[in-house]
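**Student:** Heads up: take any position in the sequence shown, counting from 1, add 192, and you land on the numbering used here.
By construction, these hints were calculated from the structure, which means they are not laboratory data.
Positions of the beta carbon are idealized from the N, C-alpha and C atoms, including for glycine.
It cannot be assumed that every hint is accurate.
[Unchecked claim] Okay, the calculated beta carbon distance ranges per label pair:
(1) R431 - R358: 17 to 27 Å
(2) G452 - C325: 17 to 27 Å
(3) G456 - D530: 34 to 44 Å
(4) E455 - L359: 41 to 51 Å
(5) P468 - S363: 45 to 55 Å
[Said to hold, decoys possible] In the EDC-like style, the derived pairs of lysine to aspartate or glutamate whose C-alpha atoms are separated by at most 16 Å in a straight line are:
(6) K545 - D530
(7) K374 - D335
(8) K311 - E334
(9) K463 - D441
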Amino acid sequence: MDSTFLRRDKRIYSNLETLDGENVAFVHDVAISPARESICALPEKGVIQIRSTEKPDREASIRELRGDVHVISSLAFSPSGRFLAAGSRSNVMCLFYLGEGDDGVIDNEKAKAGVMFLKAGTDNIHSVAFSSCGRYLASGSEDTKICIWDVHHLEAGTSSLQDFERLDPRSLSARVFRGHRKGVKSVDFSPDGMVLASGCTDSNVRLWDARDGGHIEVMHDHRYRIHCCRFSPVSEAKRVYTLASASKDGTVRLWRIDRGAEEGCRVDCMKVLRPPSCGRGGLLSCSFSPDGCLVAAGGVDSVLTLFDVRSGACLASLDFFAEEAITSAIVACPFTPDGKNLLSVNLNSEMWKLRVFTPKEIQHVLSRDVGKLWMLHESLCSALQ
193 MDSTFLRRDK
203 RIYSNLETLD
213 GENVAFVHDV
223 AISPARESIC
233 ALPEKGVIQI
243 RSTEKPDREA
253 SIRELRGDVH
263 VISSLAFSPS
273 GRFLAAGSRS
283 NVMCLFYLGE
293 GDDGVIDNEK
303 AKAGVMFLKA
313 GTDNIHSVAF
323 SSCGRYLASG
333 SEDTKICIWD
343 VHHLEAGTSS
353 LQDFERLDPR
363 SLSARVFRGH
373 RKGVKSVDFS
383 PDGMVLASGC
393 TDSNVRLWDA
403 RDGGHIEVMH
413 DHRYRIHCCR
423 FSPVSEAKRV
433 YTLASASKDG
443 TVRLWRIDRG
453 AEEGCRVDCM
463 KVLRPPSCGR
473 GGLLSCSFSP
483 DGCLVAAGGV
493 DSVLTLFDVR
503 SGACLASLDF
513 FAEEAITSAI
523 VACPFTPDGK
533 NLLSVNLNSE
543 MWKLRVFTPK
553 EIQHVLSRDV
563 GKLWMLHESL
573 CSALQ
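Please take these sequences and the hints and turn them into a complete structure.
**Tutor:** Printed below as a string of structure tokens:
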């Protein structure tokens, strides 16, 4: 999919864009359920708010989860959407059983009660991730450790809140991967769940065998700390992966990882992506579209940029500071599972939903009054009315 335009229609999503309430201070992450098209946003005071991307009415869509921890720093839904992992700054991971009602909507009462606490290292947990098969759950923390739990029996053996509450957290033993010299800022699994990537404040990206913790490769190309690393959900061949890493050096690097190579594993940096703003202050977040054709990157400078993976071209760039006088860093920018929308969340607790258009949709869009379209032209971001 080759996309050129981003649309933001404030009239439609005005109630969805901004998180408010007494519990909201700073949002550190956002996760999208692959099963329910709902989103989950984090405020500062240990309360997780869940809302639907399709329901702009705040009162109708908000759910709250409380994990009895002060600051929650990262989130990940399981592939089924029935479990939510939340990393905290108190070196504890909260694992919520969300359950669902007859209509498939997360049940608030069950969500509040169904929580398990897992010890993960001795310092702040910066990142959590489920493997796509749902078997593994990983965390990366400031104490340089990566913890991985085998949680395959959760999906198979948990059909109710009662089943979840009978589980003993001690039955989920963690394996610890060591190798980073400084704090681990981001972890993510390859599409087949066989490889774990981790980004660190020592500016390195490491690849691990998710099954036994064996070191696969270390990539040293970034100049400053890694804030985010994400695998493309699409593999060009068996045991061949594409990984994106976003760094304080203001770049996103795209890596081709071939574990079927004769030498065992070959890693090549395919492209270095730079936003038109040059990533002032660095990039904090990145994500792939579901078809693996696009990469979004969010910066400290409040600029959201969309790149084409194949060519490396910058397709669109939206400066929230220039448009809305927002001066807060973009901490998360995930795509919805259908690839039609992109969320941008910043530290000011503001969440924007943007529509991503394909070329086939452009002419139809231009013939209607739908708000503003942003198009990159000669490195300048211009608005089409």
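**Student:** Does each hint hold? Answer for all of them.
**Tutor:** Tested hints:
no. : hint                    : result
1   : R431 - R358: 17 to 27 Å : violated, 38 Å
2   : G452 - C325: 17 to 27 Å : holds, 20 Å
3   : G456 - D530: 34 to 44 Å : holds, 37 Å
4   : E455 - L359: 41 to 51 Å : holds, 43 Å
5   : P468 - S363: 45 to 55 Å : holds, 50 Å
6   : K545 - D530             : holds, 14 Å
7   : K374 - D335             : holds, 7 Å
8   : K311 - E334             : holds, 14 Å
9   : K463 - D441             : holds, 15 Å
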